[in-house]
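Undergrad: Please model the complete structure; the sequences and the hints are all you need to start from.
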Amino acid sequence: MDWYNSHPKNDLYIVMQRGALRGIVRTACAAVVLSLAAGLALGHYGTQTLHVHPEPATTSAVLSPAPADATGDIARLEAANASLDARVGQLAAQLNSLSAFDQRLRKQSPRATATSAVTAERTAYSNAAGGPELPPRSCRTSDTRSDARVARGELDCLSSTLAALERGVAQREAAWEAFPGRRPIGLGRTSSSFGNRRDPFTQHMSFHPGIDLVAPTGTPVLATAAGRVIHAGPMPGYGNTVEIDHGNGFITRYAHASKINVHVGQQVQPGATIAEVGSTGRSTGPHLHFEVRVAGKPVDPADYLALFASASDA
1 MDWYNSHPKN DLYIVMQRGA LRGIVRTACA AVVLSLAAGL ALGHYGTQTL
51 HVHPEPATTS AVLSPAPADA TGDIARLEAA NASLDARVGQ LAAQLNSLSA
101 FDQRLRKQSP RATATSAVTA ERTAYSNAAG GPELPPRSCR TSDTRSDARV
151 ARGELDCLSS TLAALERGVA QREAAWEAFP GRRPIGLGRT SSSFGNRRDP
201 FTQHMSFHPG IDLVAPTGTP VLATAAGRVI HAGPMPGYGN TVEIDHGNGF
251 ITRYAHASKI NVHVGQQVQP GATIAEVGST GRSTGPHLHF EVRVAGKPVD
301 PADYLALFAS ASDA
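Residue numbers (my numbering): 1 to 314.
The hints are simulated quantities; they were obtained by calculation from the structure and are not laboratory data. These figures come from a predicted structure and were not determined experimentally. Incorrect hints may have been included.
Cβ pair distances, simulated, as ranges [unchecked claim]:
no., residue 1, residue 2, range
1, Gln-269, Ser-160, 17 to 23 angstroms
2, Arg-282, Pro-216, 17 to 23 angstroms
3, Ser-160, Ser-97, 50 to 56 angstroms
4, Lys-259, Arg-282, 27 to 33 angstroms
5, Lys-259, Ala-309, 26 to 32 angstroms
6, Gly-233, Gly-296, 17 to 23 angstroms
7, Gly-233, Gln-269, 20 to 26 angstroms
8, Arg-198, Ala-93, 47 to 53 angstroms
9, Thr-217, Gly-195, 22 to 28 angstroms
10, Ser-97, Phe-201, 43 to 49 angstroms
Note that CB positions come from ideal geometry on N, CA and C, so glycine has one too.
TA: Below you can see the structure in the form of structure tokens.
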């Protein structure tokens, strides 16, 4: 999932440069006002409908011949201004919400932010970029000519700026969808935690690579994040098991199922029913064994579940 690798310096690669995006938001707001001012000065072009859309081609269609009534032209520009203001505000709110989630990610324990050096190196190459960090350029041109070509250029610039905001939101939302922090079953108490424990069969000390959630047989097992199914079937010790690859080395494992509802290669979304609770494999009773693995190594799922719970409460 390339969108998950958008930021090589972030341990979870889910965020963009927030400073640059905040600058884009400020520029978009300024550009709206400047575009309105340009319209008042030109006076001979108007907009029937201004579509904010990532495709630049839409901006060339918003210009129409100047109406005879200048008052109507101004009213349409003001309406377009209000529409753009609302869109920019909406995008800014989305980015702020996702940035707050990123802050919670950064404060988590090393187990929840662990990644492999190999993955980090691969991501660094695939997203290589650079250059000085400069303030975003205003969409207002220095051309003082009052013609439609200048106006069209400013509108194209504004459309591209808003498209960049939309891409930023889409990338962060994709990262949110692929973060394995949702509960794999609706209800169920934890009967065994992550880490060393007394084995339920031998009573010897052993390492438990996940958490066990007790629930009745047949309880739906849910995908904790978006991803691709890479295993759906029996697994030694685990019984009927589903594994989902969420990209960037993150895998979740759901074991001891009584029934499997997905197949290898299937793309799943967060909350999709992938199996049903059971007691297959090395199990003493109906429960779900849930694991989160980073670069092949198990980490404590409780870190992820707690983080997502706090995000939903915020």
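Undergrad: Now, for every hint given, state plainly whether the structure supports it.
TA: Each hint, compared with the structure:
no.: 1; hint: Gln-269 - Ser-160: 17 to 23 angstroms; verdict: violated, 30 angstroms
no.: 2; hint: Arg-282 - Pro-216: 17 to 23 angstroms; verdict: holds, 20 angstroms
no.: 3; hint: Ser-160 - Ser-97: 50 to 56 angstroms; verdict: violated, 24 angstroms
no.: 4; hint: Lys-259 - Arg-282: 27 to 33 angstroms; verdict: violated, 18 angstroms
no.: 5; hint: Lys-259 - Ala-309: 26 to 32 angstroms; verdict: holds, 27 angstroms
no.: 6; hint: Gly-233 - Gly-296: 17 to 23 angstroms; verdict: holds, 19 angstroms
no.: 7; hint: Gly-233 - Gln-269: 20 to 26 angstroms; verdict: holds, 21 angstroms
no.: 8; hint: Arg-198 - Ala-93: 47 to 53 angstroms; verdict: holds, 49 angstroms
no.: 9; hint: Thr-217 - Gly-195: 22 to 28 angstroms; verdict: holds, 27 angstroms
no.: 10; hint: Ser-97 - Phe-201: 43 to 49 angstroms; verdict: holds, 46 angstroms
Hint violations for this structure: numbers 1, 3, 4, all remaining hints satisfied.
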